[in-house]
Every structure is written in C-alpha cells, then in structure tokens.
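So the sequence lines, in the order shown, correspond to chains A, B, C and D. Just so you know, we're using numbering that gives the first Met the number 0 here: the first sequence kicks off at 0 and counts up by one. Just so you know, we're using numbering that gives the first Met the number 0 here: the second sequence kicks off at 0 and counts up by one. Just so you know, we're using numbering that gives the first Met the number 0 here: the third sequence kicks off at 0 and counts up by one. Just so you know, we're using numbering that gives the first Met the number 0 here: the fourth sequence kicks off at 0 and counts up by one.
Rather than coming from a laboratory, the hints here were simulated on the basis of the structure. These numbers come from a predicted model, not from an experiment. Cβ coordinates follow ideal geometry from the N, Cα and C atoms, glycine included.
One-sided and incomplete, this derived list gives chain B residues near chain C with beta-carbon spacing under 7 Å:
(1) A74
(2) R128
(3) G131
(4) I132
(5) P133
(6) P174
(7) E175
(8) A177
(9) A178
(10) G184
(11) P186
(12) S187
(13) S189
(14) T192
Anything over 10 Å on all C-beta distances counts as not near chain B; from chain A, calculated:
(15) R24
(16) R39
(17) N96
(18) G98
(19) G160
(20) Q161
Number of protein chains: 4
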Amino acid sequence: MKTILLTGFEAFGTTPVNPAEQVARRLDGESIAGATIVSRIIPNTFFVCIDTVRDALREIGADAVVMLGEFGGRATISVERFALNFNDSTRYGLKDNAGVSLQGEPTAPDGPLAYQSTLPVRAMVTAMRAGGIPADISDAPGTFCCNHLFYGMLHHLAVTGQNIPAGWIHLPHLPEVAALEHNLGAPSMSVATAAKGLRLALTALVEHPQDSDVPVSGRLQV
Amino acid sequence: MKTILLTGFEAFGTTPVNPAEQVARRLDGESIAGATIVSRIIPNTFFVCIDTVRDALREIGADAVVMLGEFGGRATISVERFALNFNDSTRYGLKDNAGVSLQGEPTAPDGPLAYQSTLPVRAMVTAMRAGGIPADISDAPGTFCCNHLFYGMLHHLAVTGQNIPAGWIHLPHLPEVAALEHNLGAPSMSVATAAKGLRLALTALVEHPQDSDVPVSGRLQV
Amino acid sequence: MKTILLTGFEAFGTTPVNPAEQVARRLDGESIAGATIVSRIIPNTFFVCIDTVRDALREIGADAVVMLGEFGGRATISVERFALNFNDSTRYGLKDNAGVSLQGEPTAPDGPLAYQSTLPVRAMVTAMRAGGIPADISDAPGTFCCNHLFYGMLHHLAVTGQNIPAGWIHLPHLPEVAALEHNLGAPSMSVATAAKGLRLALTALVEHPQDSDVPVSGRLQV
Amino acid sequence: MKTILLTGFEAFGTTPVNPAEQVARRLDGESIAGATIVSRIIPNTFFVCIDTVRDALREIGADAVVMLGEFGGRATISVERFALNFNDSTRYGLKDNAGVSLQGEPTAPDGPLAYQSTLPVRAMVTAMRAGGIPADISDAPGTFCCNHLFYGMLHHLAVTGQNIPAGWIHLPHLPEVAALEHNLGAPSMSVATAAKGLRLALTALVEHPQDSDVPVSGRLQV
Numbered sequence: 000m001k002t003i004l005l006t007g008f009e010a011f012g013t014t015p016v017n018p019a020e021q022v023a024r025r026l027d028g029e030s031i032a033g034a035t036i037v038s039r040i041i042p043n044t045f046f047v048c049i050d051t052v053r054d055a056l057r058e059i060g061a062d063a064v065v066m067l068g069e070f071g072g073r074a075t076i077s078v079e080r081f082a083l084n085f086n087d088s089t090r091y092g093l094k095d096n097a098g099v100s101l102q103g104e105p106t107a108p109d110g111p112l113a114y115q116s117t118l119p120v121r122a123m124v125t126a127m128r129a130g131g132i133p134a135d136i137s138d139a140p141g142t143f144c145c146n147h148l149f150y151g152m153l154h155h156l157a158v159t160g161q162n163i164p165a166g167w168i169h170l171p172h173l174p175e176v177a178a179l180e181h182n183l184g185a186p187s188m189s190v191a192t193a194a195k196g197l198r199l200a201l202t203a204l205v206e207h208p209q210d211s212d213v214p215v216s217g218r219l220q221v
Numbered sequence: 000m001k002t003i004l005l006t007g008f009e010a011f012g013t014t015p016v017n018p019a020e021q022v023a024r025r026l027d028g029e030s031i032a033g034a035t036i037v038s039r040i041i042p043n044t045f046f047v048c049i050d051t052v053r054d055a056l057r058e059i060g061a062d063a064v065v066m067l068g069e070f071g072g073r074a075t076i077s078v079e080r081f082a083l084n085f086n087d088s089t090r091y092g093l094k095d096n097a098g099v100s101l102q103g104e105p106t107a108p109d110g111p112l113a114y115q116s117t118l119p120v121r122a123m124v125t126a127m128r129a130g131g132i133p134a135d136i137s138d139a140p141g142t143f144c145c146n147h148l149f150y151g152m153l154h155h156l157a158v159t160g161q162n163i164p165a166g167w168i169h170l171p172h173l174p175e176v177a178a179l180e181h182n183l184g185a186p187s188m189s190v191a192t193a194a195k196g197l198r199l200a201l202t203a204l205v206e207h208p209q210d211s212d213v214p215v216s217g218r219l220q221v
Numbered sequence: 000m001k002t003i004l005l006t007g008f009e010a011f012g013t014t015p016v017n018p019a020e021q022v023a024r025r026l027d028g029e030s031i032a033g034a035t036i037v038s039r040i041i042p043n044t045f046f047v048c049i050d051t052v053r054d055a056l057r058e059i060g061a062d063a064v065v066m067l068g069e070f071g072g073r074a075t076i077s078v079e080r081f082a083l084n085f086n087d088s089t090r091y092g093l094k095d096n097a098g099v100s101l102q103g104e105p106t107a108p109d110g111p112l113a114y115q116s117t118l119p120v121r122a123m124v125t126a127m128r129a130g131g132i133p134a135d136i137s138d139a140p141g142t143f144c145c146n147h148l149f150y151g152m153l154h155h156l157a158v159t160g161q162n163i164p165a166g167w168i169h170l171p172h173l174p175e176v177a178a179l180e181h182n183l184g185a186p187s188m189s190v191a192t193a194a195k196g197l198r199l200a201l202t203a204l205v206e207h208p209q210d211s212d213v214p215v216s217g218r219l220q221v
Numbered sequence: 000m001k002t003i004l005l006t007g008f009e010a011f012g013t014t015p016v017n018p019a020e021q022v023a024r025r026l027d028g029e030s031i032a033g034a035t036i037v038s039r040i041i042p043n044t045f046f047v048c049i050d051t052v053r054d055a056l057r058e059i060g061a062d063a064v065v066m067l068g069e070f071g072g073r074a075t076i077s078v079e080r081f082a083l084n085f086n087d088s089t090r091y092g093l094k095d096n097a098g099v100s101l102q103g104e105p106t107a108p109d110g111p112l113a114y115q116s117t118l119p120v121r122a123m124v125t126a127m128r129a130g131g132i133p134a135d136i137s138d139a140p141g142t143f144c145c146n147h148l149f150y151g152m153l154h155h156l157a158v159t160g161q162n163i164p165a166g167w168i169h170l171p172h173l174p175e176v177a178a179l180e181h182n183l184g185a186p187s188m189s190v191a192t193a194a195k196g197l198r199l200a201l202t203a204l205v206e207h208p209q210d211s212d213v214p215v216s217g218r219l220q221v
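Isolated chain A (complex conformation) (with noise of 0.2 Å):
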C-alpha cells in the first residue's frame, strides 16, 4: 500500500471546528508503515462530497481511502462498519453548508440499501486500543453527511469496479467544541490523541488489510 487518500469534513451546523479536518491536515503528508498520507478537506455537502472524494481519488490514484468525521456525544474514536442508502438530517434539525435537509432519500436511487465497509475494522480498534487510545466499532453511521458519503464512495468504487479498501471513522468532538454552552457535558477527544489514534488505525490497515478475526468487546447499549 503506497498512498492512502485520507478526507476529512469541514465545519458544520454547531461545530465550529471539526477534529476530522484537524485531523486530515495534521496526517497530510507523513509516511505511516511505509504509506503515504494525501489528505483532503470535504465540504460538508450532500452529492458535492462525494464528487469531491471521487475526484481526489481519481487524482492521486490512492491503493485505500480512509474518511474522517465527527460525531458528537461518543467519547471513543468508532470505525464504522455499514453505510446506508438513506438520509435524514431533519431528525437532528441539521441541514448540510449549502442549507439543504433530506429526509428519506436515498443517495444512490439504484443502489442496494447498504455497505459494509471494507476496512479491516476489528484490527483498526485493536490496534488503537492496544497503543491506549479510546476506540470502538460502531454499527450506527447517523443519517448525515458522514453516513451520505461513506455509502457514496462505497458505491462509486463498487459501480467502477475498484477493490480497494475504504471506510469511515468517526471522532469525537475536539475539547473546544464540548467546551461550548450547547455541548455541555460532552466527551471531547484533542487532535493530537485522535492523530495518535489514527497512526495506529491506518498502520493496522497497512498491515492487516484482511481484518482480525480477535473479537472486539462492545456494549450492547447504545
């Protein structure tokens, strides 16, 4: 594995500062297990996202594409493991930056209703774990931009025949955000711990591309 495209979202709604544009900015360029970091900042925008993504792709020709976002409220990094071909973002009163709200359409009319990522996901989590940092698999993606863009990419790579390996991570978010008035008592996670955590995600990637078969204890509360 030589490059691995790494995206991270811009602002959005009440968070000012995304941790997975920090993030992104913060891993451009640094050689991780012998691959090359290329980090893309995505506008948080239905459809424009994913045309991003698939252009940055297509550009730098990457051999994975690892896609960062935020999710407010969890207190571990969560590597994700199935999109859905479905959006709401009037469940969370939220519209995307160009000021548009779905709410049960899907983002590719003709595609099946689901991906399941194809990151080695159980590796990932055990790897962070295992080099001290919080992390989790998540099988709830949310019904955002985040969850619009894995299905999208997902999707394209599977329409275009592309067999490389892409997911979503979310982080928490950054201190600075939980400090505000509005996320009062949120779990918050710094740039430099989720940049430690990601080296250690992306380096299982490298060495691990066909998953762990070591079962990764979770909570079945959510």
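Starting from the known structure of chain A, arrange chains B, C and D on it as the hints suggest.
What follows is chains B, C and D alone, placed relative to chain A:
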C-alpha cells in the same frame, strides 16, 4: 388490518425476564383500532427464532408482523429502521439460548446486506410521544438475535412476496432487571408503560400504514 | 412508628407533572408496616416550602418525615445522604414557582454547611433493589428547591430538638415528562413503579430505623 | 500570590496511571500569572495523604493549595464546591493503597460535616470554558480518597487558622485508561488538554481570588 402478529423474545443472557415476552403476553388477544393482536413467545436462538415466527405467520395469516426485543441501556421504546444481514454476538460476550455465538456470519448468505422496516416508523414514534410514552427511532438494531430475527423475517417476506408491514421495536430493561447488580444505573420501563406505548404504536400502524412525513426529532449522539 | 409524613413537590420549571406529587397522593392514607402515611403537596417555592412542611409536621405530629422531589436525568430512585446549606438555581437556569432565583445564598445563615439524612439510607436502597425497583444512594442533592427543603427541615428538627428520622428521596421523570421534546432520551419511571419502591423504602424505615451495615454498591462515576 | 502548592494523587484501584499525578508533574515549576507552581505527588492512602499535604504546605509555605484527583466517568474538568466529613469506599468496591476500606467513618470526628471550597470556583470554570477546555462545577466529590483529602486539608487550614485559598479539581480518565477493557466507552482527556485547563484555572485563582458572580450553567441531571 384484521390481525397483527406480535412476537416477544424470551429471557436470555443476563436478562432473566424479557420485557418483550411480558408485553406480548399482556397484549395477546386485545383488539387495537379494530385489529386483533395474536402474540407468540419466541426462543432466543439463532435461525430457530426465524422458523418459529415464519411458522406462526403461516398458521395465523396476519396482516402485519411486529416483533419485540429488549435493548438494555436504552431509556425509550425504539422503533428500528434497518435490519442487517450480519451477526456478531462475540462483541457483547453473548451466546444465544442454544449456546451459539456468531461473529460476522450473515443470516441469509444470498440475501442483501440490509432491509428497511416496512412499519410506519415516524407515525408510531409520534403517536407514542403524543400519548406520553418516551419513544424514538433507532438506526442501530445491534448484531445479536433481535437484529437477526428482524432481518430474517424481512428477508422471508421479501423472497415469498408477502407484502405486509413488518418490523422491530426495542424495549428498555424492566425495572426488576435494571435493579440487578450488573445493570446498576440502567434506565427501565414497566410492563404497563411499555404496553401502553405498544397500543399507541399499533394504533398508528393500523391508521397510518403509509407512515407520516412529519419529522421525528432525535439526537446525533448515539 | 405510627405516622409518617410524606411530602411531594408540585410541578415546577419545565416539569408539568411532578412524580413527587403523584407518588405522595398515591400513598396518602395507606398503612405501611403498621405506619399510616399522611401526604402533603408542597409549593415549589424557596422558604415557603420549609414553612409548609414544618406546619404540616406540627399539625400531624408524625414520627418520621420523608420528602419527595424529582431529579430529571436519573434512572433510579435515589435516597439522598446529605443536605447542603447552599442554594444555586442560576446554575440550572431555574426559578422557583414564585419567580425567585438564588445564587450562593444559604438557607439558614446561622446553620451548619450540611446535615446528614437521618433515614436508614442503606436499608431503604437495599430493600428497593431486593424488591425489583432500581434504587441507589446519592451524595448529590442538587442546589435547587429539593436540597433547600431537605436542608431546611433537617435544620428545623435540629434546632427544635425533634429527634425523628427525616430525609429526601429523588424520583426520575415520569414517562409523560421524559416524552417531551426537551427531555428527549431521558430515563423515566412510572407512578406505579415509584410507588412500589416507596412502599419498600418506607417498610425499611419502620423495620430498620438504625440502618443496615451492608454496603450498597454504586459507581464512582457521576 | 507567590507560590501555589499543586498536589496530584498517584495511581490507585483500577487506574494504573492517574491524570492528577501527570498534570501535577507537568506543571511543576511553571510560573503562572506570576505564581510559581510547586507540585507534590500524594499517596492514595487515607489519613497519610492528609499528613503528606499538610507537611508539604508547611515546608513550602504556599499561598494557595490546589489538589488534583481522577473522577472516572466524567467528561469535564470539575471544580468541587463541597467536601464531606464522611468516607464510604465500600460503595465503589475500592480500597486505598494500604488496603483499607472505610464505610461511614468521618475524617475528623470533631469536625463539621462539610466545608466549602475556598477557591474561586466560578471564575476557574468560566476561564477554562472561555479557553476551550470542557469544565464544570461539581457538588459531588465522591466518598473516596479525593473527598477525604479535600476535607482533611480544609479542616486542617480551618483549625490552624490559615486563611489561604484551597480546594479540589477532578480530572477525567486519561485516554490510555479509558482504553482499558473495564472502562469501555468512558470519556477521557489528555494530559496536554488537562494541563492547559489547569493553567487557565490557576490564572483565574491568581486574578479573581474572590470569585466571580457570573453564573456558570450546568445541568440538574447528575
């Protein structure tokens, strides 16, 4: 709608009494918005549970199937929106009631990765909230027996061309289960409260089978 | 113990129905372990509430005083251990029902900073758990009207030399209050479940007035 | 204010690395708003810890004492407002580092039930939030060694007539501790983030020793 099949899972794992079983028994034989409720208690065993509900449906000839399970840690009645063709009970350290644990196996090797509930999810949640019962949509069905049976029945209905509403509703712990040492601090809901919620939800199913377009607020946090 | 005075706060702030009032009304006149319950509903107003309970106690001549309030966000019935001579309702953006907000003022300028509940806290929690009701000890009574009345009555009993058991029990939101938009996702408990818990707790009060030495497990996390 | 004594508890129980120790070491010797920080690491042992801080204060002759501990499960830096003359480690199944467990014993048999922190609690929390660090007031110091030492030092200062600001600040788990199996899903904060918060809080201590009257929002929920 003349008959609704209402199923409830039996006890399992560290849950000695399942609210799903209690609520299904409580509503058995009731007439709700003109529909008769016929309840069945289902063994918490992979694959056997699907056969059991399939056989009950064939026997009863219901016009809709509403399946109930427990989701420990949740505070609200949650109407699930998606079922996944994926089982991972190792994640929770759980085995089904036959002692079987699954890690990554599909429920139907030839089935799609996901199905969407055909219940009127928004209308059901809106009706419960309006009636004073804490309720929400969920996009995280878990990867244990509940999601397994949920997927299994939607797949069965799809491949046999039975076009009837079907879906899953998760209930919080019962108070007596939340009072156990290993669940300390977990939210709970009584059988009476959950049964009242189900009556409201089933009324919405009869009256709004095509669902409502009114958004249901939620939180991005999971 | 012949008579127990049971008080319940009325509605306040964003809580249109107070479980404390509902449970106090439900138990009014019941005989529990040989003691008669006499209930009073108390205005949610600083200082007036203390006068009201003090007068009720003088009128009734009870052998114990158990006071009830709501603690939104908690999942269990919590028996408070300490009352603070300190009010800070600005912290929650709350005013009492007379429109008054306090920030740092004491309840009794000449009183000690804290009193300890004289109820058998451990025995009450143990009895509720054993009877299937989620319950816990709490060392955080808040700084609004509940703590204010709790402190006010313990101070009144101390300065007047009335050596009778007295203390505070917090109840979760009622389901219909947890179902409101601004409480989305909050845990709840029905009047029936909370009333059953109170009957168990009051039985323990009659039978174990000196409390139990059996530890009650909790979590360091708050 | 020329010198601030900053103490941090060492590792204990299931916490192999204490953020309190790490942050105290990090700030040792720094000059903050003109005051020099002198740090000491304190054994997590009942009574011995009080003697240790008392001796350090005598040796150093500081103008203020800020004591740090860990509060697992919390997401924010929390400045405690009250210390209780009451120990109950049986509640958490914890023993101190000498193997001692307490259940109901006071720290000072002849002391009052509680002391109020003499740190400028509001000013410190406001300064941390303004500087982008998640922080809050807490009225629940727990009943383990942190509250014990907090009470013990306030009592010592009171009985010896030393009129200097003193109080307690709780830190979340470190990321590497939240990543451990038994803490799965717990919030965390890095040493760098916590140290930045402490610098802001200590600056507020120097600049606003009489505290601020600006309310600090919180949540009634605990």
